[in-house]
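Chemist: What follows is the residue order along each chain.
Number of protein chains: 2
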Amino acid sequence: MKILHTSPREDGFRMPAEFEGHYGCIMIFPHRRDSWQNGAYAARKAFAEIIGIISRSEKMIVCARYEDYDSARFMLPDRVRVIEMESDDSWARDVAPTFVTNGKEIRGIDWGFNAWGGLEDGLYFPWDRDNKMARKLCDSMDIDTYDKRDFILEGGSIHSDGQGTIMTTEACLLSRGRNPELSKAEIERELMDTLGAEKILWLPCGIYNDETNEHVDNICAFTSPAEVVLAWTDNRDDPQYEMSMRCLEYLENETDARGRRITVHKLPLPEPVTMTSEECDGLDDMDGEPTRTPGERLAASYVNFYISNGHVIVPQFGDSNDQKALDILKPLFPQREVVGVYARDILIGGGNIHCITQQIPTYDRSVTGG
Amino acid sequence: MKILHTSPREDGFRMPAEFEGHYGCIMIFPHRRDSWQNGAYAARKAFAEIIGIISRSEKMIVCARYEDYDSARFMLPDRVRVIEMESDDSWARDVAPTFVTNGKEIRGIDWGFNAWGGLEDGLYFPWDRDNKMARKLCDSMDIDTYDKRDFILEGGSIHSDGQGTIMTTEACLLSRGRNPELSKAEIERELMDTLGAEKILWLPCGIYNDETNEHVDNICAFTSPAEVVLAWTDNRDDPQYEMSMRCLEYLENETDARGRRITVHKLPLPEPVTMTSEECDGLDDMDGEPTRTPGERLAASYVNFYISNGHVIVPQFGDSNDQKALDILKPLFPQREVVGVYARDILIGGGNIHCITQQIPTYDRSVTGG
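Going down the list, the sequences are from chains A and B. If you read the first sequence in this note's numbering, its first letter stands for residue 526, the second for the next number, and so on. If you read the second sequence in this note's numbering, its first letter stands for residue 526, the second for the next number, and so on.
Next up, chain A with everything else stripped away, as it sits in the complex (with noise of 0.2 Å):
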């Protein structure tokens, strides 16, 4: 593995859309107490769940801490790679590196990590066994990877279409839990450098209390250039709405690097999902605090879906809007079975099936060694 200080744009690099062919897909075995109630039992038979599906059509890797390979390969299908890593928790989305393409050749993204706000908002302390998981994955992959630690970037606040344009919140990349030494500009030039992209479509925020500071991934989605899914209330009485309403308004009025217009696709928001008193009980303190309390609202969106080879993977809340969400996305993904998992387990730790997940894209196993 090289470690490389160039510009991918320059080196003729791009960040493909999901919805590209991809080799694989990374994820983590969950493992945090304080994230996953009740020792991570249930999250894991989430996770085990997604990753027989995914691993029906992609190269599925698997990363699991020394304590947890056992485990984590006697839950997983043969046909999953298992390998020995150490994590702080198990966003392989934020945490696992983001690749570019010259359509041969992949590369990893090594950005800083610091638990979505390091110690002005972060979630969590130390967050040292994250941040050094996407350069090794890239060293057991035999893939060179470009150095930009400096900048603190999550895989989930970015959205490619794979057409030059790259979708963000302002809401999580300006805050200043990030990289409040840059300006806006000084962000865009970075994300357009690293990712190959000619523009950077701004979305102002993403779902009500998610706290990601509202990454992307979880509040809008392309389907295919020039074509969004947006997670949508019409409660005027739920703060999401002027949130989902604010986001709509500004991909109206805006082009992506193209200079198409996009189409946007409401998709509705489940009734609000709130934590139960039970599954607060079955949590760790961290620091002496409780991490959820009962009744909070979570972040439970359909957006926050994975797009593998032969699916489109769709969190399900036991929800009347479930079945509502699989209909609206069966004609976008004309080539991919949709197919809806419940997410509420993996919902509880913060996010869904999107930021357990982290797409290989295809390329010439022959270039690297992997």
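Simulated from the structure, these hints should not be mistaken for lab results. Do not take every clue at face value.
One copy or two, it doesn't matter: identical chains are merged, so the pair holds either way.
To be verified - Straight line, CA to CA, 30 Å or less: simulated DSSO-like cross-link-like pairs of lysine-lysine:
1. 709 / 570
2. 584 / 527
3. 570 / 527
4. 584 / 855
Take the given structure of chain A and dock chain B to it, following the hints.
Modeler: The following block gives chain B in isolation, referenced to the frame of chain A:
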């Protein structure tokens, strides 16, 4: 990775000779403070020199514990893959999988490992991290593995000529710390089934004071089919004289699996290498006892070399026989460069260059996923 319970021989798999083509080589970054003096820094330097040479002609995979990853990455060339993996010590030959091939696909053998003798006369406790490595290495490469954990064996106790002959020592394989419930005939059957072999050559013993119960890889090695080098001394006062003589007599009266007589090249030993007080002072104790004592004779031998695609890497001890050993080996490996590496800092740990390496045979990477 599939866990297989069938017989490699019946599946059409055999253990190739080390002098056949390699895809790569596995090593482990040293760390154990009661094995390697002064925090293993001198050992790391010697390992790194060897890794540098091997990686010129093979894919090199180095396992490093979480806490050693950064140091390993810093010390080793870019072209080397460093993967995170817990270990008790650093003897890849004995804890990494033995690989078998059908000419296209390779599979790993996951032998049981008990630190060279378990509670009978093993060298440390516990050894579970080491025992788990073979399977995890196969998993990380997406290579299927045979479950042989019920049979205790270290890779250093066997050599293959790739043509049906396995060479081992009675001193080790019949020792009470390995598989005392099995007869010699049963052990022979297990070796032949698992390694796809037709005949076992049983050298009586190995190198004097070799704490592995006299592994074959320290006393005798195939240099080509029906041709071996044997560690030798002409000094009749050395306890090694009788041991080497017994091996010579055995080999002169045996034939290999194809019925060929075996040509034996004597490889002189260095003058006895003994521990200094300074070296002993640099080692942690084990359970309140020293692991080495001043004046203790180490099992130094030039036979403990590694055959890579491009090189034969031979231990050197600052002895007048160093050059002689290289000169004997050169004509036996006309297509490889024979190079010496000063290896006292490896020897102090209890083995040498062959013991810290494990080759991965050439295979068709489109067959397996890794």
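Chemist: Next step is simple, just say for each hint if it's right about the structure.
Modeler: Hints, verified against the model:
1. 709 / 570: Neither, since 41 Å and 46 Å both go past 30 Å.
2. 584 / 527: Intra 23 Å, inter 15 Å, cutoff 30 Å: intra and inter.
3. 570 / 527: between (36 Å within a copy, 21 Å between copies)
4. 584 / 855: within (24 Å within a copy, 44 Å between copies)
Hint compliance for this structure: hint 1 alone is broken.
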